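Peer 1: The task is simple: from the sequences and hints, build the whole structure.
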Amino acid sequence: MITMVELLVRKDGYSHEEFVDRWQGDHAEIARELPGLQRYSTSVPTDPEAVEYDGVLELTFEDEAALNEAFASDVGQEVQADAAEFVDVGAGPRLIVEETVHVDETATETGR
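Under UniProt numbering, the residue at position 4 of the sequence shown is numbered 4, and the numbers go up by one with no gaps.
In case anyone wonders, no lab produced these hints; they're calculated from the structure.
Hints are not guaranteed to be accurate.
Claimed, not checked - Straight-line distance between alpha carbons at most 16 Å, and here's what the computed EDC-like set of lysine to aspartate or glutamate pairs gives:
1) Lys11 x Asp88
2) Lys11 x Glu85
3) Lys11 x Glu52
4) Lys11 x Asp82
5) Lys11 x Asp21
Unchecked claim - What follows is a set of in silico ranges between Cβ atoms, one per label pair, in the way DEER data are often shown:
6) Gly13 x Glu99: 30 to 38 Å
7) Val101 x Glu17: 28 to 36 Å
8) Asp26 x Met1: 26 to 34 Å
9) Thr46 x Phe71: 25 to 33 Å
10) Asp74 x Glu105: 32 to 40 Å
11) Lys11 x Glu33: 20 to 28 Å
12) Gln80 x Asp12: 16 to 24 Å
13) Gln77 x Thr46: 28 to 36 Å
Bear in mind that the values here come from a model prediction, so they are computed numbers and not experimental data.
A virtual CB, placed ideally from N, CA and C, is assigned to each residue, including glycine.
Peer 2: Here it is in structure tokens:
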């Protein structure tokens, strides 16, 4: 499993609240349809005025090939075009990572 982690910055002209509403609303509806997507999470800072990023995006796929295929798809192209309307694309770092879970209290007993 690999995860794309990206720290997002809103485009000029959007308030933090407007950015979050768009990102977690209409945009999420499109993004959740990415082919091969296994996990999708968004995180918003509790004090957005104190940090330089407006959110953290995490998208998990089986492998890097699946991630690349997802963004090459029609849905992937739509996701990227939509994000470009309210995200300052490239303003924050993007990492492709392999996750190692050390504690997961939310896992079921059978899933541990």
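Peer 1: Hint by hint, where does the structure go against what was stated? Just the numbers, ascending.
Peer 2: Structure breaks no hint.
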